[in-house]
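J.: So the chains spell out like this:
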Amino acid sequence: MANKTEISADQAALFQFLLRMGDNTLVLGHRVSEWCGHAPVLEEDIALANTALDLIGQTQLWLGLAGEVEGQGRDADALAFLRDIWDFRNVLMLELPNGDFGQTIMRQFLYDAWSSVMLGRLIKSGDPRIAEIAEKVSKEVAYHVERSADTVVGLGDGTSESHARMQAALDYLYPYVGEMFLSDATDAAMVSAGLGPDPASLRDEYDLLVGKVLDKATLTLPDGSYTHKGGRTGAMHTEHLGHLLTSMQWLQRAYPNSQW
Amino acid sequence: MNNEWPLWEIFIRGQHGLSHRHVGSLHAPDAEMAIKNARDVYTRRNEGVSIWVVEAKHIAATAPGDKGPLYEPSESKVYRHPTFFDIPDEVGSM
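As they're listed, the protein sequences go chains Y and V.
Numbers 1 to 260, taken from my numbering, label the letters of the first sequence in order.
Numbers 261 to 354, taken from my numbering, label the letters of the second sequence in order.
These are calculated hints, taken from the structure and not from any lab test.
Positions of the beta carbon are idealized from the N, C-alpha and C atoms, including for glycine.
Errors might be hidden in some of the hints.
Said to hold, decoys possible - Lysine to any residue pairs mimicking SDA-like chemistry, simulated, CA-CA at most 25 Å apart:
id, chain 1, residue 1, chain 2, residue 2
1, Y, K216, V, P266
2, Y, K216, V, R299
3, Y, K216, V, N263
4, V, K317, Y, E44
5, Y, K212, V, L278
To be verified - Residues from chain V that keep clear of chain Y, each with C-beta distances beyond 12 Å, as calculated:
id, residue
6, L278
7, H280
8, A320
9, K337
10, Y339
11, H341
12, P342
13, F345
All chains, please: the whole structure from these sequences, using the hints.
T.: Dropping the structure here:
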């Protein structure tokens with residue numbers, strides 16, 4: 001981003017916003033793809049691979065638009081494969097290792113729920129390019145959240161073993177949820193330009209949706225309001241993102257511009 | 261307790277106007293998840309507009325050993341085939 005001065009303040013905020021959207025789907029998509037060939041049953045294996053592919057597809061749209069807005073000639077591939085840790089803007093929850101299957105599904109649900117609420121707002125964005133992407137991907141996200149919610153309920157309200165694992169997953173992941181609702185100057189710029197919502201304003205709808213599902217799943221939200229943060233602002237990432245990028249970016253780094 | 265999910269037979273209708281066709285089977289804990297799994301396993305390439313699932317144990321089937329009594333009597337009754345009519349091309353598939 002050596003020539004950042006060439007893009008106006010508004011465009012810079014929009015670029016950051018698009019990186020946040022695209023890095024969320026990119027990092028989660030990569031994490032979910034790690035299950036390919038390893039899921040507990042064939043049906044879940046294919047379902048997770050489908051979800052991962054959907055998320056990578058969403059990444060192409062968000063990061064593609066980000067590159068366009070930035071205007072420095074970087075396309076979605078360049079943004080995905082040639083940036084380093086400090087330039088990523090995904091929330092921390094999505095870069096955490098998968099853990100067991102239950103933890104993966106719990107994270108998926110906690111993200112899908114946010115994504116479905118967020119996209120519902122972005123459909124009304126003043127930027128037709130954003131509205132168009134939101135409209136397009138909200139259909140598959142509606143399926144994702146339905147599927148992950150059902151699986152959370154099935155496992156939460158399942159055997160004592162599956163219940164304990166889902167409760168442990170929720171206890172571990174919930175302190176990361178708050179980051180999705182933190183607002184900063186980038187968000188304020190998006191709000192005042194009429195391009196996107198204030199993340200904090202999504203919280204009530206999110207809590208209602210998540211609360212309903214966790215209730216059916218007989219799971220209990222942990223106490224405490226501490227929130228791990230830093231990913232979406234770029235202030236800090238966990239140690240795990242570097243390892244993820246090492247694996248994800250290896251080919252383009254070792255063999256620049258290679259194609260197949 | 262049986263730890264295996266039951267087996268479901270999956271039927272998918274490819275396009276409006278054609279009937280559901282058996283495409284395969286899969287495992288799922290209940291009918292709703294069977295439909296979701298069928299969506300993920302069998303409609304990844306835009307194959308369907310409608311999915312039916314039925315638990316395999318609910319399908320009553322003929323036994324291979326009954327083949328003779330069941331099917332052979334019809335072999336010699338060529339007049340049961342409507343091959344003696346000329347069917348206009350415009351009728352399409354029947």
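J.: Decide, hint by hint, whether the structure agrees.
T.: Hints and how they fare:
About 23 Å separates the Cα atoms of K216/Y and P266/V, which keeps this hinted pair within 25 Å; it holds. At most 25 Å may separate the alpha-carbon atoms for a hinted pair to count; K216/Y and R299/V meet this at roughly 24 Å. A distance of roughly 22 Å separates the Cα atoms of K216/Y and N263/V; the hinted pair therefore holds under the 25 Å criterion. The suggested pairing of K317/V with E44/Y holds, with an alpha-carbon distance near 22 Å, which does not exceed 25 Å.
With a C-alpha separation of about 39 Å, the suggested pairing of K212/Y with L278/V is violated against the 25 Å cut-off. Distance check on L278/V: its Cβ is at least 24 Å (rounded) from any Cβ of chain Y, clearing the 12 Å threshold; non-interface status holds. The Cβ of H280/V lies farther than 12 Å from every Cβ of chain Y, with a closest approach of about 20 Å, so its non-interface assignment holds. The beta carbon of A320/V is kept farther than 12 Å from every beta carbon of chain Y, the shortest such distance being approximately 25 Å.
Even its closest Cβ contact with chain Y, about 44 Å, leaves K337/V beyond 12 Å, as expected for a residue assigned away from the interface. Look at Y339/V: its CB is around 48 Å from the nearest CB on chain Y, clear of 12 Å, so calling it non-interface holds up. With a least beta-carbon separation of about 42 Å from chain Y, H341/V lies farther than 12 Å from that chain, consistent with its non-interface assignment. Even its closest Cβ contact with chain Y, about 43 Å, leaves P342/V beyond 12 Å, as expected for a residue assigned away from the interface.
Every beta carbon of chain Y lies more than 12 Å from that of F345/V, the smallest distance being close to 46 Å; the non-interface claim holds.
Checked against the numbered hints given earlier, the structure breaks only hint 5 and satisfies all the rest.
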